[in-house]
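Protein chains in written order, with the numbering used here: chain A, 1 to 250; chain B, 1 to 296.
Everything labelled a hint here was simulated from the structure, so no lab data went into it. Check the hints yourself; a few may be wrong.
[What the hints assert, rightly or not] Below, simulated DSS-like cross-link-like pairs (lysine-lysine); rule was C-alpha separation at most 27 Å, straight line:
#1 A:K87 - B:K50
#2 B:K107 - B:K93
#3 B:K149 - B:K89
#4 A:K87 - B:K107
#5 B:K31 - A:K150
Just so you know, these numbers come straight off a predicted model, no measurement behind them.
The primary structure of each chain is shown beneath.
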Amino acid sequence: MIERDVRLFFQYKFLVIMRAIWFVSQIALFGVIAANMVSVPDYFRYYVGGLSVMTLYSTAIFIGFDIYEEAEHGVFEYLLSLPVSRKQLVVGRSIGGGLRAFIYVGPLVAVSLFVIGGINPINFVIALFALFLFSFGVSGMSIAIAVSIKSSDRFDILMGVLDALIVRLSTTMYPLAIIQKTNPLYGWTAGLNPLSYAADLFRWSTGVEDIAQNVQNPLLPLLGIVIFFGLFTFLGITIYERLIEGGGWR
Amino acid sequence: MDIEEGEILGLLGPNGAGKTTTILMLATVIKPSEGTAIVGEYDVRSHPEKVRGLLGIAFQEPKMLWVSTPWDVINWHAKVCGLSTSDRKQRVKQILDAVDMWDARNKNIHALSGGMRKRVEVAKVLVQRPKVAIVDEPTAQIDIVGKHKIWNMLLELRDEGSTIILATNELYEADRLSDRVGILHRGKLLVCGTPKELKDSILGGDLVDVESGQSIPAQTVTDLKSLKEVVDVMQVKPTSLRLYLNKVEEVVPQIVSLSSKGGVPISSIRMSEPSLDDVFAHYTGLTIEQAQKDEG
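Just chain B, with the same shape it has in the complex:
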């Protein structure tokens, strides 16, 4: 598996799939039992210190002692990561402000909600701006407004040149942010590609409902079935069809053309693409919920 420089790679999978273990190995916190990984040009086994110099990580569970405050946590992190004093103070303020933690900066960590602690955890990576940023379920426990803010900040981080590894079990998050998505299940990488490639890889994953003002003749159904992207055609009513197909954007013009050739006026066409839920279900044979139950 290769991760391109400057991309966001979503690691998708249910709890226990191996996302966090992969991340901890990349961060040189644990050693791989076999195999290795290269970060930048450094091997995690032989040059762990060099690897850590390139990485920043926001953990799934916020990692901070209860006696600290958000300001202490972020300021100290920035200091250890080598930000100069003047840069640091300004940047820590900017990031705490951006994740809505500025007002709570002097509160004890113990007094913060789970969502607030999570914001502080993500702020570590945002303040550091590492070459390779790893974020593990960055918006878990965070409200929807906060989620959008963090998503935008991660996209900005990517645009500034960081490569981001996003581990998540939220399919919408992976779909919205990732340039490519890898699906992990039971410690194995099942598939990796752009969200579009993955969705297109599901045979018959796209759905098109065609409505006509009159009965659709059998010949038109046969013609539609003969299109190579069409997997199946179901006559729902005499005047409506449901097509299971791939690459919906390429097939719709052909549907319109065939219908018009057969003298069938189309009153409506409704298209829907598969979601990453469908992709996950396709590759694992399970829905996310089933997979989570399975692992639990």
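Next comes chain A alone, as it looks inside the complex:
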């Protein structure tokens, strides 16, 4: 199941290429221009660090769209008839969705690192592990939402809104101190956002985090990501089993 989902994603060549172009454009255009506009020192490197996590998030979300594609082609019925348990099916899909996002983002992270500069090897391994779990968690969340909503149009719209909220209310694009200064509620939300944890840990591993000082103790965002992963993997399995078993997706 994992292998299938990974291979399937890379067969959507158009999507893969477009995402890469989007990523490079964000760095070369938005990042460069915004860095000249804002007063945060070295904002360009800060933004590039966050962009890798944003891309990881939006790629891991894609598994939900796959579920609708499969429902439309009747592949869902086929998957449900296979000699595997529903748990294996959803965990496999969650890992597959997360893993393919991770593999896809790999070269983009390399580009980011090239732009950002040096890394701390030990911190980087810890950050990679966290991003790995984060990716699975996002994938599980996407599956849970896709199965619950049962309409590709609604899913598309909801994910657009969710993307706007989750990404904007995180530290991917701006330091936590600035968010808190703007609105304490925004700051509180960003402080609990798994996207913030992932972005902060990634920057922490590259040394860019010193710019914003979002991370006082790396264990806290790491713990946040572990909780996020556990919660959405569990939710994904539970919702999938409950709603899918016996034709509930229809």
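Model the placement of chain B on the given structure of chain A, informed by the hints.
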């Protein structure tokens, strides 16, 4: 309704009769609204995972994403069903070859015709060799040569020990392959038996045309009518009769004997058995075409 181990059970019925719904319930893809089914020794409601372990299914509509190739589809299916790497590669090649899809194995599914996709769908079950194979209209859209190949492969699968549930609205297919046939109509099982039992169950379903070189006397007609298997005798011409009867193979010797006793020389006897079309029409009161129109 019971399905014996190692038999091919044909589920016959027009579109909308409930064949696919029955299959999806057996495959634990949908839950029965009431009642249940036992596959092997497992209940589809309480042990769906165990049931899926015994089943393989080839769906009516081929289920594959357009980005895949036939090789990917069958190889992945075989892998999920637990075939070892060495066995798998050999078997996938053998099956794709057997369903004439080897040359097209690396083509995108999107580029395949409906018949080719259907072959790939059936190949899933053939490569898996499950304990219980369910095939839903396995030869729809497939040319006649391909149909015969798939029929032979399904018979081989049965001979290797698989139980096969064949859902079809092709009467000839059901007649040719099935050890027993169940007729479904509007979600109800009307009758189930061997094709022969079903054909014999139609009162007067067999037809015998008797020709004589001379006029057939009334007494011979009366004698023939008195045979218990004979439902009706129609004098078409003074020298020919048409008999509506059951169990034609048992009655023909009696016809010959009665005619010879009455001094009526028989120049020809032509027999015809009812087809499953007649059986279907008998039990539903509709021809397949009418039933399909009715459902549509």
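Pair hint K87 (chain A) and K50 (chain B), alpha-carbon separation not exceeding 27 Å:
holds (14 Å)
Starting from K149 (chain B), check that the Cα of K89 (chain B) is at most 27 Å away, please.
The hint holds at about 21 Å.
Given the hinted pair K31 (chain B) and K150 (chain A), is their alpha-carbon gap at most 27 Å?
holds (18 Å)
With the threshold set at 27 Å, check whether the alpha-carbon distance from K107 (chain B) to K93 (chain B) stays at or below it.
holds (15 Å)
Does K87 (chain A) pair with K107 (chain B) here, judged by a C-alpha cut-off of 27 Å?
Roughly 32 Å separates the two Cα atoms, so the pair is violated.
Against the hints set out earlier in the document, a violation occurs for number 4 only.
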